[in-house]
Amino acid sequence: MLLDYSSSFHYVLALLPELVLTIWGMGVLLAGVSRKQGHGPGQETGWLALAGLALAAVANGWLYFGVSEDGAAAMIAVDRFRLFANWVFILGAGFSIVISLPYVARQRLQAGEYYSLILFAAVGMMFMAAARDLMIIFLGLELMSIGVYALAGFNRRDRRSAEAGLKYFLLGAFASGFLLFGIALLYGATGGTNVHAVAASIADGSAAGALLMPGVALLAIGFAFKVAAVPFHMWTPDVYEGAPTPVTAFMAAAVKTAAFVAFLRVFLVGLEGLHAEWSTILWWISAVTMVAGNVVALVQSSVKRMLAYSSIAHGGYLLVALVAANDTATSGMLFYLLVYTIMTIGAFAVVVTVGNQSEANARIEDYGGFGWRKPVLGVFMTVLLLSLAGFPGTAGFIAKYHLLLGAAESSLWVLAVILVLTTVVSYWYYLRVAWYMWMKEAPEGADSADPAITPFATHLVLVVSVAVILLAGVFPGAALDLAAGSLEGLRGLAAEAGAAAGH
Amino acid sequence: MYGDWILHALIWLPLAGTVHVLVSSAERAKNVAFRWSAFVFVLSLGLWWAYEPGDGGFALESSASWIEAWGVGYSLGIDGISVFMVLLTTFTSAIAILGSFEYVRTRRKAFYALMLLLEMGVVGFFLATDIFLFYVFFELTLVPMYFIVGIWGGERRIYAAVKFFLYTAVGSLLMLVAILYVYFASGTGSFGYDAFVNAGLSLREQLWLFAAFALAFGIKVPVFPLHTWLPDAHVEAPTPGSVILASVLLKMGTYGFLRFLLPFFPDAARHPVVVAVMLALGVIGIIYAAWVAAVQPDAKKLVAYTSVAHMGFVVIGVFALTLNGLQGGMVVMISHGISTGALFLLLGMMYERRHTRLIGDFGGIGRAAPWFATAFVITALASIGLPGTSGFVGEFLALLGTFETHMVVAAIAATGVIFAAYYMLPMVQRVLFNELDRPENRTFADLSRREMAILGPLVALMIWIGVHPTPFLERMEPSVQAVLERVEDARADAGHTLGGED
Amino acid sequence: MTDVLFVLFAVVATGGGIGVVTGRSPVASLLFMVATLASLAGIYVLFEAHFLAAIQVLVYAGAIMVLFLFVIMLLNLGHDYRADLKYGSWFLLSLVVVGLTAGVLVQGLMGTGETGLRAGGAEVAAALDAAVVEKGAVGVIADPLFTDYVVAFELMGLLLLVAIVAAVVLAKPRDPEAGE
Amino acid sequence: MLIPALYLSVALFVIGTLGVIVRRNAIIIFLCIELQLNAVNLAFVALSRYTGIEGQLYVFFVMTVAAAEAAVGLAIIISIFRHYETVDVDKFNLLKW
Amino acid sequence: MITARPESVLAGSGAVSPPAAEWEPILPGLIVLLPLLGFVLNGILALRSARYSSAALREGRDWDPFAGPRPPATHRLPTWIGPGVMALAFALALVNFLGMMAADPHDPVVRSYWGWIVTGDLRIDAAIQLDRLSMIMTLVVTGVGFLIHVFSVGYMGRDPGYPRYFAYLNLFVFFMLVLVLGSGFGTMFVGWEGVGLCSYLLIGYWFSDREKSDAGKKAFIVNRIGDVGFLLAMFLLFQGFGTLDFVPIFAGAEDHFAAGGVTITAITLLLMLGAAGKSAQLPLHIWLPDAMAGPTPVSALIHAATMVTAGVYMVARSSVLYALAPTSQAVVAGIGVLTALVAATIALQQYDIKKVLAYSTVSQLGFMFLAAGVGAFTAAIFHLVTHAFFKALLFLGAGAVIHAMHDAAHHGDGHLDEQDMRNMGGLRRYMPVTCAVMWIATLAIAGIWPFAGFFSKDEIIWYAAAWAGAESNPFGRLYAVYWGLALLTALITAFYMTRLMVMTFHGANRTGKTASSRLHEAPSVMTVPLVVLAVLSVFGGWINVPDALGESFAGLWGALPMSEWLHHWLEPVTHTAAGIQVAGMGEAAHAAPVGGGEAVWALVSTLAAAVMVAAAVRFTSTRRYVRAAEDPGPQGGLRRFVYNKWYFDEVYDAVVVRPVVAGSRWCWKAVDTVVIDGFVNFTGNFARLAGWATSLFQTGQVNMYAFVLTLGVLVVLGATVFL
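Protein chains in written order, with the numbering used here: chain Y, 1 to 503; chain L, 1 to 502; chain G, 1 to 180; chain V, 1 to 97; chain A, 1 to 723.
Any given hint could be a false lead.
Said to hold, decoys possible - Below are the DSS-like pairs computed for lysine-lysine, each with C-alpha atoms no more than 27 Å apart in a straight line:
1) K109/L x K440/Y
2) K109/L x K374/Y
3) K440/Y x K374/Y
4) K96/V x K86/G
5) K135/G x K91/V
None of these hints come from the bench; they were simulated from the model. All figures in this text were calculated on a predicted structure; none of them were measured in a lab.
All chains, full assembly: derive it from the sequences and hints.
Printed below as a string of structure tokens:
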């Protein structure tokens, strides 16, 4: 159907996934607080949240396949770009919730609040993806961030969790100040906050030059912080390490995705006309991020922290797509984000399992001989690591290749070379986990009898993610087409939409 | 009868074997794996007859769309160059699996599964006619090898495995960027072989791309000075790993030279500076590696370095850009695969018996194990290129081909023949000859039936190729000729500078 | 007159800002902050944003700062504090970096002049004033808030809900009975 | 008056930034962040005279966000205070390198 | 330089002569295959017996195949298989030779069996070429080979590795036949390296002895140096002719190469390098004396009669090429004569009986190269044949002596070097037959008329003089020097051989009381071959009595048969070369030197040799020798210098071996480990170091993080605003 907003019900339809999740989140919250604490593991709250996500996914699917919008300048986009991203968020949130189920139970976290915060954060992400207005993006970002700040510090018995929460909060708020300042300057320069209006203003030259570029720079900084690009990444390792592991997975996957999606829409749609100016900055940020992220990951002794640095590096790869700014790169980014979400959460699922649903056993030595004790889990982890490393046969390779293709299309050869060379660096630390798992013996004093209980839910996530990764690694056609098709409406309508917004 | 299905079968049957191994018990794993690999080998033998040399182009071609969005196809084909590589692969895989029965005693299921997986990757690499597909298989071989070395290897296995992996990855990833460049330059939106051959690149572009490809393949070969991963990997790898590594994986590099490097970048390939550099590296490899090999106390390391020397002959043969040189290179590839594979198997047998690889720990084995000694001597002689063995035919042709265009290079390279004796004979002497002065060597068991079954075919092949190589030469000639013509045609219309120089 | 007031407010705001950074005790910083907020409210008035000025004083200076004060007291930081400003080279270095940042920003905005802005600034201001006269200071904001930006408005509601949930979860004392 | 207001905004913003860098007390750091947000608000208000009423609307949003952040942030500070009995951020460095 | 060949030469050559009668060789391939068959059969037996011995070894006991009343089948059958296949091969060769003589074909018969290396324009066939030269060689190889096989039955009869010994020996003969019968350089090279391999295996036959296997290794490596020359020469030839077959190359050489041109000189010099390696010429002669570590019959067969003469054969085979390259010929002759002289001087001071013979072999080979260098290819082959007879005889005789000494040493008191002549003396009493036949061989090698060596050696010296006198020879004076040196060497030869005989067989016995009682004559299976060879040493020279001597006393006024038979027989092979030389230097090249008649020369040289023999007898028999254990060795600078073989080994060790080994170590330890791997590891470590350094910013302090963030803001903003 066509959304023309003739009826206000159309607004409801346009925001259907968000609404579903919001309402469901409140329901989960109520369900959580209405049951007495300490009675049972509270897993059903989690499953309830998952049901909401499923419902949202369905609603999202209906929008994706069945709905188009009239014009494309509305504050909330109903384009496939947003909806594809929504799926990624739902997937990320869903996977995170599944791996949280045993964790939350074991750690006796407050299930209702926990799951509803995840859902609310997901709503914030969805708004970031949907917004064509910088202010909505900001609000979505804050909604997401506040949820995640709380999630990072959720485990009140754990100092590290509290520390992570504090650091994330202080620095996140600090960075959102920059983002906001950027929005203000851009608003002053172009007279609007709608990305299409911004684009139109830039295109017709009415934008005030003096305010424009500092605004763009600050905006870039704000997003760079959220995607953890060097040198705005400093919070990432600490927060990822300190936060409860399922939350880390959620952050690494979904939060980053949301930031990238918004980043992409603002810069590729709104600021497309200034590509020449900002691409240089992002080029350097991307290069530095790839190098620093990978290089520092080399020296990490904690798997969780290593994965944190690796996620920084992945952010660097994704920035390449932003610099390339062509359709191949953009769909590559979408594809990459999807794959990245799956494989990152999969990897963290193993980390959670090795840690016995706690924050224990995070040192790489703890993985010694793990593969032989838990062969299935070991193989899964190996596949996930290979995928993270971008090895052929896995979806990670296809995704990285897609980015390279985009970079090549824009003749970013140096960046492409940096990308592949840093990938080599990344092989080392990903393989290091593999070699501990398969080539070393268990550490002294480890309980070799039954080191890790793998709950059904975690297995579910692992099986699904590994299957998807292998399938998409070998037969990526459908997923690639989906990603490529999801660009529809992002920029194709941008020109006319800009014209429409101009009046 | 033999349709294109055979090629698909050769790739996917090992994978089926992998699965079969994984679901069978640890005790049966080796037999299951061996049967699968033997079956694949027998199946591949048909290619010997099924492949008609003809005009040297691809035969048994089949192509299906794989990743439509990028123009990636699942395209397979075989020609006079790859047919031997495939046969070598299936053959050595079966032999290596048979050769690991005693050596590998732990975690057998995983081991044999990885071996079959490796076979699949290598066969796929040799059969792929789509560049993307080729790249995928090229990389795919790293993982099983990484684990084979890292899990079943010696003391410093992890260092060796990682070194092997990273070294190779550096080259291959840079090649990936180069592949993308050609992909866009060709403008056909296809990763097909023909599209890449006809990409129409300017000389300047070709030189850069050549460098990237040459680096990737040069590491794999390995060409001096990119070789230092090889001794480590060989020393630490378990016997079957070494065998596959030497026999097959190194060939991926030289095969890449023939299949991709020369046809894709003919102008660069015959650029005098490029030729000079490659020949120089080849010659240095021959002599340098021979020298270094000669002073190794570890027998396996010694043989590893000889691989570098042998592959140096391939390099000079290829970059001499003569028919004889290329043919010689091909024969050296095959011969090295057989003889060095056999040497590693023999060293593995030594290790199984004595748990040491130091040459100095042996001596007088010839008395204790005459069959072993006989096989060892024949293999060593084939390795140093004695006429009548496979090694001679290859080295002779490679040197002759080089001599036709680069006399001095060939003259220097020919001294490698001396140094081959310089490294190999002392080892033979110190292992097999000399006094049987260590009591533990007195009980050195002679070859068992299984070991004879492993070495017998290898020795027979060494002698067969040495005495009657014509069936090999005539099958590969048209394809090699086609590669050569591609390079020479480019010379003919050297004026063209299509493609974007941007 | 307005210019004089502006300068006055600007000086107070800046001074208050500096006071926030350099205040010895948390309470002092907080009071400096209140001063800044109040003078900003004054500036808002000068920009004819009367409603915002009121909100600024009520919400910001009133509610939020009180919350801060409350927490400071709760954590007993009102007296039991240690000077926490990092003096020395770190301060100087930071000052240089921050100063340079300011310099760069100012340099970037320098070209702004009246001509550097988008055309039609005066008409916009006039239209704004007219709208205020027509709809009232509240109405002029309420109108877009509940029409065009209704989504944002709802989003704010959700934001506050999340903030409450988060605050409750985090600030709640540990319950040993629940195994915490 | 727009331009001086923007300069004032920049000044307040960087003062806030400085505060974040040089203060150890988490509450004051947060206070400085609030200062930054206020600086931005000032910019919005000033710019709204040239671009329309939305600027003021945004200030409204930002204030709400600030309030929400204040709630969460102070809760987090309370939460960590329970572990460390201090709000000195330099003491919170279990997580590093 | 050469434009046309004189008519006179052409007239007599086969180029215009009517086609010779058709000749069908009888199973020529079988000649080659029979020894291979022997190798396979003996090899199987060897492996079987080795199984027993290794099994015994594992059980910790010694396995003596001769312990029982009858040795096992593995040690009985080789007695028949080894010499048997040789006898058959010899018979077959003889039949073919006689057939060839009867048919008297001019052109070689080439039998191709399969295409060996066929690719592009390269075609190397597995083919054999039967012509006059190769038939002579085949006869020598199979004939002398057969005798030595028979001798080996006695000599090696009680060796545990008996079947293996015969397997190697048969394999050697196979490769040697491939070498001489191969129809091109490619095929020849197979035999060339193959005999090197067998030499390696046989020198190190007693491989448990470190020195012996060292010697084998040394032989192989030094040979390979020569082989590289051979290879490169082949490449040059292939570039010139597009083939490696003899027939087209020799037919086309004249048209292809200008005489004295660079290419042909390079080809011939490279071939000479190969020949020097194989035939132990300076500077690659060092391996041959060490090669005496092998069983003595091996020394006789490989290191005296056949393999080491392969170089001479190859040069003679390539006579056309050498004729086209006068410079190379001068080099060949120079190397030959110098080698002859140096080796002869060394032989003067050696005490090891086999070493003396080894140096004597080197020296005689030098003579053969001198012959080739002066264009007397026939003389070279002639000397090759006679040398095969008398040197094989000498070695086998020495073998018989060692055999006896070995038995004696087993029963003697204390250690006794069974090859040291200082421990011998007076053996004539114990082994009269051996003594007699060895004297015959000594006279033959010394060049005493009418023994075989006289005719062949005399011819060489004579030709050297002829070339020295040829006016248009550009190297005339050089050849004069060669001639003088050759004469000197001939005299030294007579001296050291006589010294050997006197020290071994005459004077007082120094073996020791208990030991000497065990000295005995060799069994008949050994003495019969000795006698046969002795006969050949006497009469072998008569196949090529110069025409000029035929009418003189030296030719017994025509009573000696077959005047210049060999010369005529080989004419089709050598006439092209001869033609070229005559064209270049005129008939003088083949004219009598210094104007004197040949008969006078013969008389003078015989007398001189006889005087040397007498002198040697006098000097050595009056000197008192002490046993090796008590002998401090030679005193005096020159003596020591010669005794230590002119310090060749030491010089090579210092100049070649040590630098190469040191270089290898350097390459490994410095280049590979430090430079290349150092770089590789450095890259990895640098990345980690960089990572570590970067992570230092990650102090965990919020202020720090905010600061870095602000720094980033500054940079980004600055970049945006100012760029």
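Earlier hints that do not hold, by number: 5
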